[in-house]
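**Student:** Protein chains in written order, with our numbering: chain A, 1 to 336; chain B, 1001 to 1336; chain C, 2001 to 2336; chain D, 3001 to 3336.
There's no promise every hint is true.
[Stated by the list, open to error] Examples of chain C residues toward chain B, derived with CB under 8 Å:
(1) Gly2076
(2) Thr2077
(3) Arg2116
(4) Pro2193
(5) Phe2232
(6) Ser2234
(7) Glu2235
(8) Phe2245
Source of the hints: derived by calculation from the structure; they are not laboratory data. Every residue gets a Cβ at the ideal spot worked out from N, C-alpha and C, and that includes glycine.
Residues per chain are reported as follows:
Protein chains: 4
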Amino acid sequence: MNTFGRNFRITTFGESHGPALGAVIDGCPAGVPLETTDIQPFLNRRRPGRTPLASPRKEEDRVEILSGVFEGRTIGTPLTMIIYSTDAQSKEYDELKEVFRPGHADYTYQKKYGWRDHRGGGRSSGRETVARVAAGALAAKCLTLKGIVISSKICSIHGATTPDGMEEEIRKALEKGDSVGGILEIRATGCPPGLGDPVFGKLDAIIAGALMGIGGVKGVEIGEGFQAATLFGSENNDQMGAEGFLTNHAGGVLGGISSGEDIIIRIAVKPTPSISRPQRTLNIDNKEVTISVKGRHDPCIVPRVQPVAEAMLALTLFDALLEQQKYQNFSRDITK
Amino acid sequence: MNTFGRNFRITTFGESHGPALGAVIDGCPAGVPLETTDIQPFLNRRRPGRTPLASPRKEEDRVEILSGVFEGRTIGTPLTMIIYSTDAQSKEYDELKEVFRPGHADYTYQKKYGWRDHRGGGRSSGRETVARVAAGALAAKCLTLKGIVISSKICSIHGATTPDGMEEEIRKALEKGDSVGGILEIRATGCPPGLGDPVFGKLDAIIAGALMGIGGVKGVEIGEGFQAATLFGSENNDQMGAEGFLTNHAGGVLGGISSGEDIIIRIAVKPTPSISRPQRTLNIDNKEVTISVKGRHDPCIVPRVQPVAEAMLALTLFDALLEQQKYQNFSRDITK
Amino acid sequence: MNTFGRNFRITTFGESHGPALGAVIDGCPAGVPLETTDIQPFLNRRRPGRTPLASPRKEEDRVEILSGVFEGRTIGTPLTMIIYSTDAQSKEYDELKEVFRPGHADYTYQKKYGWRDHRGGGRSSGRETVARVAAGALAAKCLTLKGIVISSKICSIHGATTPDGMEEEIRKALEKGDSVGGILEIRATGCPPGLGDPVFGKLDAIIAGALMGIGGVKGVEIGEGFQAATLFGSENNDQMGAEGFLTNHAGGVLGGISSGEDIIIRIAVKPTPSISRPQRTLNIDNKEVTISVKGRHDPCIVPRVQPVAEAMLALTLFDALLEQQKYQNFSRDITK
Amino acid sequence: MNTFGRNFRITTFGESHGPALGAVIDGCPAGVPLETTDIQPFLNRRRPGRTPLASPRKEEDRVEILSGVFEGRTIGTPLTMIIYSTDAQSKEYDELKEVFRPGHADYTYQKKYGWRDHRGGGRSSGRETVARVAAGALAAKCLTLKGIVISSKICSIHGATTPDGMEEEIRKALEKGDSVGGILEIRATGCPPGLGDPVFGKLDAIIAGALMGIGGVKGVEIGEGFQAATLFGSENNDQMGAEGFLTNHAGGVLGGISSGEDIIIRIAVKPTPSISRPQRTLNIDNKEVTISVKGRHDPCIVPRVQPVAEAMLALTLFDALLEQQKYQNFSRDITK
């Protein structure tokens, strides 16, 4: 299942070290002005190799549009964005061909399919998210046309909550050949009330699935989140006054439907599994071996997850907005 | 969107105070032995009115099967389970007809649809989950035929982690006309490796969406969950020895695919929004009013969420199991 | 797969001789005025036992609404319509328990599932269409609110094209213990241009699938249909003048999208397979036997297929109309 | 909606004169041996410019695989096939920018989207089918691994049923600046019984939708098709003897489920709408104009539709085969 969305449907493709990665977006409205310059900045934010603390792997991640745009506007047909690979050094992964890296999908892919592209994680590589970010950039552009803006911030890295502290945690991990994770907050402002479907299409449920579907995410919460389990109902309820909600403990979603308040989500990102410290594992012949993952890896992927998380929220919200439009207009027409 | 699942698809229907609630299950394999006695115990666990601390509302919640079963076995056709309402006292909700209860979906439903059944929450009532539990009981039965067992436990109520402490927290909330929430853990044992799809059908993503889609759930985490954000990679990775995984920090899912270890999920349940303490709110004419929710409400719904959460996990896993079967067998056949 | 539609989604359930048949409609807009009196006339048209030439089986087919309507209007939640069985005489089917009736689904169901409800065809009975007609009646009501009207007529029965000739063909078949089929035309007027999706959601493709999905339908054509294969392009093309299309050879759909002209479809209905004349067949032990199907069967089901075909066209068009609304409005908003 | 299939899901993209066309196939089993040489012959059969009677447009239609294959086998991840454009001469379409060609989708696209790529029909061009044929070739390969073979033949061209007669009809149309259509038969042999879902997933319904979704197809029939409307039940029923079905009037599908007999379909293809004879039409300013379509067009596309129709049947059958596998195995396991 490589397709996401009911109305604004994206299908991503590509393996980490294959010739290209990309996304086909089906269901984008016609008439949206679009250039690759609308997309490229989002990809640049996701790109590795931008700071001394990040992976030195150098991918240009230059996006091209192969279909769906004519004379600078979307035309309602499937929009294909593609990123050709330029810096795939597969050789350095040869030694991992027959070994399951701890914390990676190597073992489960092998069990599921019986075959896998082991080079750099293949399809399970974080590199797959380049396609999500490209598609998410388009969704974000569509949302801004309706006044909805997505943003994110890092709440903590390995427990540290100040910029200096976070950087220090990453540096220490790097020195030890280890890695660290952290917590991100993603927010949507300007979202109208009424998005989301009761029961199985609840807006917060779709968001939770979308964000948990990012590699390395181990927890998702909305509004008060896990903290709500320690509050009284009288503390957690959002009362209303003449100007609307007096608080936003709910995080912008009530009964699965957006309330008009900011949508506020937090996700927990695990420490990168690729570490150079030696670890025990098995090879594909079920023999115990010791592994030390070399390659060009980030000691902390939290900053690079930011544009991916924003993309998934943008995709979810724009999909819900299109869903809502079809009913809203019909009901309005028949009752006026 | 009142349908859940790709292969084992359930569609639920019914409002809290309508004549009936139920579920149609499409995609259940033929040949599964089934009686209503397989379903009823799950509904009984969800039922209100069983303890002095719970809502005195008395629903029998007796399930009937209207289709899909012949001579004691499923026959591959849609299986309909229905629960007729017996104790719907709509009158007591009349005063809430024009007021939005804080923490409830009243306001957002009104904004979304322009119309709503205000009686007891209508479709957004927790009563809707009776249909999910019925369908989930069937999924759970199918799973046990494959050796997979679902269970759950309460981790905490309003911060308390011992049975006596939890009961005390609920009692205090009841006395104050207030409510409390808590944290649940849901677990699947016996799950084979290979379930779940990479990218947008990740098993943990589907589970997260399924559980966040239960009313009142504000957070979902798997394995170490939010705690993973404070660990080193060397602490969080699950290394492997001759007997398999040495730890299960991942919670049974790697790269979105089940690893064969126990699947372990925790969810945060908010305090019930229906409290008798007075709260500020608006009515449908946008005027400020004060509300004190009477009715027959639970001061803590955490125990009643247990069978619902188990049902959603069962539905997700059985759906993934059917998905896996179609590929597994094809690949096995062509490569032997 | 017992669900039809992407936006206005109906799921039907029930076996011919089970306790009930029905449909759950998910995705109906809120605010549509609805009573059972809007639905019942459609069911009455489909009902057997209305003429001396038709099956004497007496089903009242009285529809009840179990959910989704409150105070006379739809509320956006799943709408359940149910028809309880009253005249199921299963005993007379006992002798067919172990024999595959020629032209029926008995053999293929057995091969597919390994189990089946043999009573009156079970799920494969034409009786299943009562649920489609109920749902289609709601779709037709929604369409009329937008000025779209569905109708149908019988073109021929066993080759005869006049009312008297058709009646004569049915009478002769009845006397011989045999059956006859015919051709129906279904038409939609008032359909706006722009419905339908290019490529895999073409309006004519969806309609063809919807109508071929009615039991006994063996062919579907639109506009000139098979006749188009004998025309020159200059004859078959619909040219345009100041007032629009000068002809409608296309049958109202161009490139998969409605043109604004009448949508005109014809379907071929096979002769009812249940005949009393003796036929060779197999039983479930793979032994040859001779069968003479008794029971209460129509010698010609063409007139009873009419409301079913209208229902499927109504479901398809209203689904396409909702689909179109979501894009139309977005594109209009951003370009004005 | 540019995605087809529930299990073996293909999404196609690309406009006639854009940089590339292609398909992403999601849900292909892992382990299938695959080279571009498995695909190219199917594309070659669809290619224009092979005979003096066909369009002289020269597209190489060379397929490349961008993802989903590793070391010569599919790996379960999305498989992307792309065909870069080489001979797109957009200039010659400039004069058609503001005119709606009769019989083409120009008018309806403009009405639907408000924008369109007018060059060579854009997305509505027959060129889009190159992507379907590529994906269909993969499906056909998978089917042959299970012993199922797809073929097709031309039944008639403009009424002529002999090779010489057909050629003569095309030649005459070419001389007159006109075009002709015809009838194709598509057949699947080796299909096991049990494929297809009752009610809304009937195998013949899916096939009908798949084939009617090919541009220019105006009618679809199975087995006796429209002829069935003139037969007695006793003539049309397929009786069974010790060796199985004695006839195959049904065309291989009973009650929506394959019977094990050959699946036999016929489709009616309209005459190509692009003709050089002058025709009346409108331009985008709603003014009457006369048009004579120049360009490089086939006077008869029937032979080029053959591989497309085979592709759509292959896609449908392999999708149904995967669907059937998941249930078949579960039911077998639990009842043995």
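**Student:** Go through the hint on C/Phe2245 and say holds or violated, using the shortest Cβ distance to chain B against 8 Å.
**Tutor:** violated (38 Å)
**Student:** Min Cβ distance, C/Glu2235 to chain B: is it shorter than 8 Å?
**Tutor:** violated (46 Å)
**Student:** Min Cβ distance, C/Thr2077 to chain B: is it shorter than 8 Å?
**Tutor:** Since the shortest Cβ distance to chain B is 4 Å, the answer is holds.
**Student:** Hint check: is the beta carbon of C/Ser2234 less than 8 Å from a beta carbon of chain B?
**Tutor:** With a minimum Cβ separation of about 48 Å from chain B (threshold 8 Å), the hint on C/Ser2234 is violated.
**Student:** Any CB of chain B closer than 8 Å to the CB of C/Phe2232?
**Tutor:** violated (47 Å)
**Student:** Can you verify the interface hint for C/Arg2116: is its Cβ closer than 8 Å to any Cβ in chain B?
**Tutor:** It holds, given that the least Cβ distance between C/Arg2116 and chain B is near 6 Å, below 8 Å.
**Student:** Verify the interface restraint on C/Pro2193: the C-beta must sit less than 8 Å from at least one C-beta of chain B.
**Tutor:** Hint on C/Pro2193: violated, closest Cβ of chain B at ~29 Å, above 8 Å.
**Student:** Report holds or violated for the interface hint on C/Gly2076, using the least CB-CB distance to chain B and a cut-off of 8 Å.
**Tutor:** Nearest chain B Cβ about 4 Å off; hint holds.
Checked against the numbered hints above, the structure violates hints 4, 5, 6, 7, 8; every other hint is satisfied.
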